[in-house]
Amino acid sequence: VCAYLAVRCNLVLPDRSDEFLLSTEFGLYCLSTFTCLFSFNFQNSTEEKFIGYTEEAMKIADVFNKNTYYLEEQKRTLENSMQYISETMKIVDPQVRVFSTKTGSSDHPGILVCSAYSFYPKLLTLTWFRNEEEVTSGVTFTDEMSNGNWLYQKHSYLEYTPTAADHISCMVEHASLRTPKLYPWENFPESRRNKLIVGTGGLLLGLAFIIVGVVYYIKHMRGENGLQGAKGLCTHLPFVTTCP
Numbered sequence: 001v002c003a004y005l006a007v008r009c010n011l012v013l014p015d016r017s018d019e020f021l022l023s024t025e026f027g028l029y030c031l032s033t034f035t036c037l038f039s040f041n042f043q044n045s046t047e048e049k050f051i052g053y054t055e056e057a058m059k060i061a062d063v064f065n066k067n068t069y070y071l072e073e074q075k076r077t078l079e080n081s082m083q084y085i086s087e088t089m090k091i092v093d094p095q096v097r098v099f100s101t102k103t104g105s106s107d108h109p110g111i112l113v114c115s116a117y118s119f120y121p122k123l124l125t126l127t128w129f130r131n132e133e134e135v136t137s138g139v140t141f142t143d144e145m146s147n148g149n150w151l152y153q154k155h156s157y158l159e160y161t162p163t164a165a166d167h168i169s170c171m172v173e174h175a176s177l178r179t180p181k182l183y184p185w186e187n188f189p190e191s192r193r194n195k196l197i198v199g200t201g202g203l204l205l206g207l208a209f210i211i212v213g214v215v216y217y218i219k220h221m222r223g224e225n226g227l228q229g230a231k232g233l234c235t236h237l238p239f240v241t242t243c244p
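Numbering (full-length UniProt numbering), first residue to last: 1 to 244.
One or more hints might be untrue.
[Said to hold, decoys possible] Mimicking DSS-like on lysine-lysine, the simulated pairs with C-alpha atoms at most 27 Å apart in a straight line are:
| # | residue 1 | residue 2 |
| --- | --- | --- |
| 1 | 181 | 122 |
| 2 | 90 | 75 |
| 3 | 181 | 102 |
| 4 | 59 | 49 |
| 5 | 102 | 90 |
| 6 | 90 | 122 |
[What the hints assert, rightly or not] Label pairs and their calculated CB-CB ranges:
| # | residue 1 | residue 2 | range |
| --- | --- | --- | --- |
| 7 | 179 | 151 | 18 to 28 Å |
| 8 | 95 | 217 | 44 to 54 Å |
| 9 | 181 | 73 | 42 to 52 Å |
| 10 | 163 | 219 | 47 to 57 Å |
| 11 | 137 | 202 | 40 to 50 Å |
| 12 | 132 | 178 | 12 to 22 Å |
| 13 | 163 | 141 | 20 to 30 Å |
| 14 | 129 | 206 | 36 to 46 Å |
| 15 | 166 | 216 | 50 to 60 Å |
| 16 | 181 | 139 | 10 to 20 Å |
| 17 | 144 | 110 | 17 to 27 Å |
| 18 | 208 | 143 | 50 to 60 Å |
| 19 | 56 | 141 | 30 to 40 Å |
Hint data in this document are derived by calculation from the structure and do not stem from the laboratory.
Ideal Cβ placement from N, Cα and C applies to all residues, glycine included.
Turn these sequences into a full structure, and let the hints guide you.
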């Protein structure tokens with residue numbers, strides 16, 4: 001006679017369901033290969049008790065459920081397990097960046113890179129689109145790479161010849177996203193962007209100095225006009241002995 005015990009955990013991510021199932025399968029086989037005993041026993045976090053789904057399992061579940069000490073001990077174990085699962089299986093949104101880089105090849109002037117960083121769980125899909133049509137040629141990608149802290153990163157590369165009419169985007173599919181999300185590539189060189197930022201900053205700074213100068217000039221003119229008016233009034237008042 002031989003026997004076996006198999007334990008299987010069935011769970012869903014925290015944002016899908018709060019139910020945790022611990023399935024324990026008992027099997028006892030005779031030498032004749034016929035099954036002498038076969039049963040399933042479930043501990044259900046919603047019911048907070050053991051539930052059997054065969055006649056034999058119901059008997060075992062009834063014994064477990066009558067043992068209040070064992071039942072409370074299993075509840076504490078289940079709570080600790082759920083806390084650990086919620087911490088280690090927490091969904092983390094990917095941080096996505098789409099940018100271009102140059103290559104030394106004259107046939108392919110540049111490569112677009114779609115990078116997804118710091119996401120969990122591991123499975124993530126990156127898809128390129130050009131003018132709302134999926135691009136499959138000239139595409140390479142890496143596997144999901146671990147950061148060593150339960151988070152992952154993945155990169156996809158698209159060889160391209162840029163044109164002004166093209167609208168290129170990278171679509172990201174991940175468990176943290178309710179629907180796939182598109183990240184467009186902004187066809188604007190970083191050097192030009194930096195020059196524009198510096199130029200805009202200088203223009204705003206110059207405009208601020210001009211505004212300060214105009215305000216000072218207006219206040220100064222108002223002050224002089226007020227002083228001259230006071231002196232004129234003083235000459236027409238005989239009882240005033242001192243003037244500003």
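* Can you let me know if the beta-carbon spacing of residue 144 and residue 110 is within 17 to 27 Å? => holds (25 Å)
* To do: Given the hint of 50 to 60 Å, check if residue 208 and residue 143 actually sit that far apart at their C-beta atoms.
  => Hint holds: Cβ distance 51 Å, inside 50 to 60 Å.
* To do: Please test the hint of 44 to 54 Å on the beta carbon pair from residue 95 and residue 217.
  => holds (50 Å)
* Lying within 42 to 52 Å: is that true of the beta-carbon distance residue 181 to residue 73? -> holds (45 Å)
* Is it true that residue 56 and residue 141 lie within 30 to 40 Å of each other by Cβ? -> violated (51 Å)
* Range hint 40 to 50 Å: satisfied by the CB atoms of residue 137 and residue 202? -> Since residue 137 and residue 202 have Cβ atoms about 44 Å apart, the given range 40 to 50 Å holds.
* Hey, residue 181 versus residue 122, does the alpha-carbon distance stay inside 27 Å? -> holds (17 Å)
* To do: Starting from the hint 10 to 20 Å, judge whether the C-beta atoms of residue 181 and residue 139 obey it.
  => holds (18 Å)
* Asked: residue 181 and residue 102: Cα distance at most 27 Å?
  -> The hint holds at about 26 Å.
* Asked: Given the hint that residue 102 pairs with residue 90, does the C-alpha gap stay at or below 27 Å?
  -> violated (37 Å)
* To do: For the pair we were handed, residue 59 and residue 49, check the Cα-Cα distance against 27 Å.
  => OK: residue 59 and residue 49 at ~13 Å, within 27 Å.
* To do: Take the C-beta atom of residue 179 and the C-beta atom of residue 151, compute their distance, and say whether it sits inside 18 to 28 Å.
  => holds (22 Å)
Comparing the model with each earlier hint shows violations of hints 5, 19; every other hint is respected.
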